[in-house]
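Visitor: If you count by this note's numbering, then the sequence shown holds residues 1103 to 1524, one letter each, in order.
Derived Cβ-Cβ restraints for the label pairs, each shown as a range:
| id | residue 1 | residue 2 | range |
| --- | --- | --- | --- |
| 1 | 1415 | 1165 | 40 to 50 Å |
| 2 | 1430 | 1516 | 22 to 32 Å |
| 3 | 1508 | 1408 | 28 to 38 Å |
| 4 | 1431 | 1166 | 48 to 58 Å |
| 5 | 1315 | 1498 | 31 to 41 Å |
No more than 30 Å apart at the CA atoms, straight line, and that leaves these computed lysine-lysine pairs for DSS-like:
| id | residue 1 | residue 2 |
| --- | --- | --- |
| 6 | 1348 | 1380 |
| 7 | 1380 | 1493 |
| 8 | 1139 | 1348 |
| 9 | 1465 | 1403 |
None of these hints come from the bench; they were simulated from the model. Backbone N, C-alpha and C fix where the C-beta goes; we use that ideal spot for every residue, glycine too.
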Amino acid sequence: MNYAFQVKKLTTLITFYTTNSSFHVKQLLENPTSEFKQSAYKLFHEIFKHSVPVDSQQISPVDAIFDSVTASLALINQSEVALIEATQKWWNEWYFVLTMEHSLSHEKEDAPYSFLSKKMHHPMKRHEMSHYAHLFTILPMPISNVCAKTGDIIRVNQRFIDVFGYTVDDLPNLEQWWVNAYPDPHYRESVKKMWQSALEIGNETGQDIPAHDYHVTCKNGNTITMEVSGINLGDEYIAVFNDATKRLEDQNILRDMAFLDSLTQIANRRRFDEKLSKEFEKAVECGDDLAIILIDIDHFKLFNDRYGHVEGDLCLYNVAQAIACTVSRTEDFVARYGGEEFVVLLPQTDKQGALFIAEHIQKAIEELHIPHEDSFTGYLTLSMGIHAINKDDSCDQKEFIKAADSALYYSKRQGRNCLALS
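Throw the hints in and build the complete structure from the sequences for me.
Guide: Okay, here's the thing in structure tokens:
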């Protein structure tokens, strides 16, 4: 079947809700009865209500549809990624349930969303049916079928075995699953409580068992982060596993992008503010030293006017990278503070230590030999203001920054290309 028209409608749905803020998108995805999920239900039903395969060997078209949707979006943003991943997961689960019901019974239901109710015919015989068994074999994600009353694991699909390495012989029941998949006893108890809570929410609301991320230990000892959700089937339920690794990696990449200055490729002001709050609080609580260096490129406006903005941007990048390479400790932090200003945060460092770092930064910039005809040296130079606190000081973050800024201002008044301690 050609799904071009359906791909277009699904793309329209995704882009429509992408116009919301990322915070609102997150709320949409966390709400099991959100307008977006209802719209996704309707579109799914519209596409598949008359096209569920009688032959259960037919591969689900859901992933192919979403591949086309992703390809149709020229520039995909964070909200679109979140909406696409959530909708694809829902559709795979709904398609599985719809196909399974269709295989078990050809009776037509009057209610348009009856396949979402998860109420199956012949519950005591369901796991013995050949169609049902074959559906488990071809599903693209790990699946396990569990008896809700006894905790027995009735079956797992081939994908489950491929990913985790466990067979039903290894995991006859949930208790054995808990022991094998979560060998750390403290984490195991946390997981069991989380899953039990999810089961109760699913039973109380009549909705799917809500998804959570779990760190699953495979038979070979490797650990995989899986998003585990479930489908209620009365006396049984189906646990559905989706690999969360890529999603978490994408989230980390997007988070890094949100905190990265695109021009200089170092942290931006927003990331610095967050880092400062944590380090300042830690220094106050532990009585540790904390130092800061505010850095300003001397006569940068004149540099831009003479050499142009392209050279100006390249200059900012080179200076930022030189500072970052000079400040080498893992706990130290470098960010673009704004315009031609940079900031260096130095945990567990006193004024003398900060002065030592500042002198090395000054030397690193000198070695770049960036021409600047409007500077009295003929080359690009920096002015820096340094401030540090210790356990005997009492100030807040604003005063901490203000002291460094005052030192920077003093260094400029002294003719620039110098360092000043507050």
